[in-house]
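> Letter by letter, the chains look like this.
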Amino acid sequence: DGGITQSPKYLFRKEGQNVTLSCEQNLNHDAMYWYRQDPGQGLRLIYYSQIVNDFQKGDIAEGYSVSREKKESFPLTVTSAQKNPTAFYLCASSSGTHTGELFFGEGSRLTVL
Amino acid sequence: AQSVAQPEDQVNVAEGNPLTVKCTYSVSGNPYLFWYVQYPNRGLQFLLKYITGDNLVKGSYGFEAEFNKSQTSFHLKKPSALVSDSALYFCAVRDTGAGSYQLTFGKGTKLSVIP
Numbered sequence: 001d002g003g004i005t006q007s008p009k010y011l012f013r014k015e016g017q018n019v020t021l022s023c024e025q026n027l028n029h030d031a032m033y034w035y036r037q038d039p040g041q042g043l044r045l046i047y048y049s050q051i052v053n054d055f056q057k058g059d060i061a062e063g064y065s066v067s068r069e070k071k072e073s074f075p076l077t078v079t080s081a082q083k084n085p086t087a088f089y090l091c092a093s094s095s096g097t098h099t100g101e102l103f104f105g106e107g108s109r110l111t112v113l
Numbered sequence: 001a002q003s004v005a006q007p008e009d010q011v012n013v014a015e016g017n018p019l020t021v022k023c024t025y026s027v028s029g030n031p032y033l034f035w036y037v038q039y040p041n042r043g044l045q046f047l048l049k050y051i052t053g054d055n056l057v058k059g060s061y062g063f064e065a066e067f068n069k070s071q072t073s074f075h076l077k078k079p080s081a082l083v084s085d086s087a088l089y090f091c092a093v094r095d096t097g098a099g100s101y102q103l104t105f106g107k108g109t110k111l112s113v114i115p
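Order-wise, the sequence lines are chains A and B. Take 1 as the starting number for the first sequence in the numbering used here and just add one per residue. Take 1 as the starting number for the second sequence in the numbering used here and just add one per residue.
I should point out that these hints are in silico values taken from the structure, not numbers from a laboratory. A couple of the hints might just be wrong.
To be verified - Restricting the straight-line Cα-Cα distance to at most 35 Å, the calculated cross-link-like pairs of lysine-lysine (DSBU-like) are:
hint : chain 1 : residue 1 : chain 2 : residue 2
1    : A       : K9        : B       : K107
2    : A       : K57       : B       : K110
3    : B       : K69       : A       : K83
4    : A       : K70       : B       : K69
5    : A       : K71       : B       : K49
6    : B       : K110      : B       : K58
7    : A       : K83       : B       : K58
8    : A       : K14       : B       : K22
9    : B       : K58       : A       : K9
10   : B       : K107      : A       : K57
11   : A       : K70       : B       : K77
12   : B       : K22       : B       : K69
13   : A       : K9        : B       : K22
14   : A       : K9        : A       : K83
15   : A       : K83       : B       : K110
16   : A       : K9        : B       : K49
17   : A       : K83       : A       : K70
18   : B       : K22       : A       : K83
19   : B       : K69       : A       : K9
20   : B       : K22       : A       : K57
21   : A       : K9        : A       : K71
22   : B       : K22       : B       : K107
23   : A       : K14       : B       : K49
24   : B       : K77       : A       : K83
25   : B       : K107      : A       : K71
26   : B       : K49       : A       : K57
27   : A       : K57       : A       : K14
28   : B       : K22       : A       : K70
29   : A       : K14       : A       : K71
30   : B       : K49       : B       : K110
31   : A       : K70       : A       : K14
32   : A       : K83       : B       : K107
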């Protein structure tokens, strides 16, 4: 079945550690996105990529990094520079056209101890 | 810049009654509009979208939405609510006048259907 796989679903991190969240899609989509969700704040865009080897900062990119070496994969690294990393992270992909809806993974919940 | 507003944080409706979840938008060009639903600790699921054409759009699980250009609104509706419709609903917009494919989401409306 086609879809988006995020891992891990739950992750605990100590302060000062970097952590990488995985996102893989087999929908043959060109565009991929990372959103952060906090209660009452909706979804905020961290980074997005419209094509392999290219990505752009979203609204809250500080303290995060990404790579897009393969069409299927768009990992997100939460660095120690991110001051409040505890959140629910959602990866999505789309066909890359203006009319295409986003398809979401099941999310990764990161908790910093 | 594109933006979306969902004026109600929470909507309560009795099972069997019609439901409406409100959404208004602001864009520089023409809007592409989307509705998503999220169940607890899950990803978002696509419900429906408006691209062009008929202002009334039908989607999954019996939901529909009406595009109103003069009021810049895209309210989500369902004729008869089910308890299983209880979830968090997000409206989103993409601006055809913008250069990117970014989708901007509202803050979400929690729908509670009371048995």
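> Look at each hint and say if it fits the structure.
How the hints compare with the structure:
Straight-line distance between C-alpha atoms of K9(A) and K107(B) comes to about 23 Å, which keeps the hinted pair within the 35 Å bound. Our distance criterion of 35 Å between C-alpha atoms is met by K57(A) and K110(B), whose separation comes to about 29 Å. For the proposed pair K69(B) and K83(A), the alpha carbon gap of about 41 Å is over 35 Å, so the pair is violated. Of the pairs offered as hints, the one joining K70(A) and K69(B) is violated, with about 40 Å between alpha carbons and a cut-off of 35 Å exceeded.
Straight-line distance between C-alpha atoms of K71(A) and K49(B) comes to about 25 Å, which keeps the hinted pair within the 35 Å bound. A threshold of 35 Å between alpha carbons decides the hint, and for K110(B) with K58(B) the separation of about 21 Å falls inside it, so the pair holds. Our distance criterion of 35 Å between C-alpha atoms is broken by K83(A) and K58(B), whose separation comes to about 42 Å. Among the hinted pairs, K14(A) with K22(B) is inconsistent with the structure: their alpha-carbon atoms are about 40 Å apart, more than 35 Å.
Of the supplied pair hints, the one linking K58(B) and K9(A) holds, its CA atoms being roughly 32 Å apart against a limit of 35 Å. Under the criterion of a C-alpha separation no larger than 35 Å, the hint pairing K107(B) with K57(A) is consistent with the structure, at around 20 Å. Simply put, K70(A) and K77(B) have alpha-carbon atoms about 40 Å apart, too far for the 35 Å limit, and the pair is violated. Taking the CA atoms of K22(B) and K69(B), the gap is about 14 Å. The hint holds against a cut of 35 Å.
The suggested pairing of K9(A) with K22(B) holds, with an alpha-carbon distance near 31 Å, which does not exceed 35 Å. Taken as a hint, the K9(A) and K83(A) pair is honoured in the structure, with Cα atoms around 21 Å apart against an allowance of 35 Å. Between K83(A) and K110(B) the alpha-carbon distance is near 28 Å, which keeps this suggested pair within the 35 Å criterion. For the hint pairing K9(A) with K49(B), the CA-to-CA distance comes to about 28 Å; that is within 35 Å, so the pair holds.
With a CA separation close to 29 Å, the supplied pair K83(A) and K70(A) stays within the 35 Å bound. Of the supplied pair hints, the one linking K22(B) and K83(A) holds, its CA atoms being roughly 34 Å apart against a limit of 35 Å. Annotation: proposed proximity of K69(B) to K9(A) is violated, straight-line Cα distance about 40 Å (limit 35 Å). Note on K22(B) and K57(A): the hinted pairing holds, with a Cα-Cα distance of about 30 Å set against a maximum of 35 Å.
Distance check on the hinted pair: K9(A) and K71(A) sit about 22 Å apart at the alpha-carbon level, within 35 Å; holds. Taking the CA atoms of K22(B) and K107(B), the gap is about 12 Å. The hint holds against a cut of 35 Å. This hinted pair does not check out: K14(A) and K49(B) have alpha carbons roughly 41 Å apart, beyond 35 Å. Distance restraint check for K77(B) and K83(A): the Cα-Cα separation of roughly 39 Å exceeds the 35 Å cut-off, and the hinted pair is therefore not satisfied.
Proposed proximity of K107(B) and K71(A) is supported: the alpha carbons are some 30 Å apart, at most 35 Å. At most 35 Å may separate the alpha-carbon atoms for a hinted pair to count; K49(B) and K57(A) meet this at roughly 26 Å. Proposed proximity of K57(A) and K14(A) is supported: the alpha carbons are some 25 Å apart, at most 35 Å. A distance of roughly 39 Å separates the Cα atoms of K22(B) and K70(A); the hinted pair therefore is violated under the 35 Å criterion.
For the given pair, K14(A) sits about 31 Å from K71(A) by alpha-carbon distance, which is consistent with the 35 Å threshold. Restraint check for K49(B) and K110(B): satisfied, since their Cα atoms lie roughly 20 Å apart, inside the 35 Å limit. Between K70(A) and K14(A) the CA atoms are separated by roughly 29 Å; this keeps the pair inside 35 Å, and the hint holds. With a C-alpha separation of about 22 Å, the suggested pairing of K83(A) with K107(B) holds against the 35 Å cut-off.
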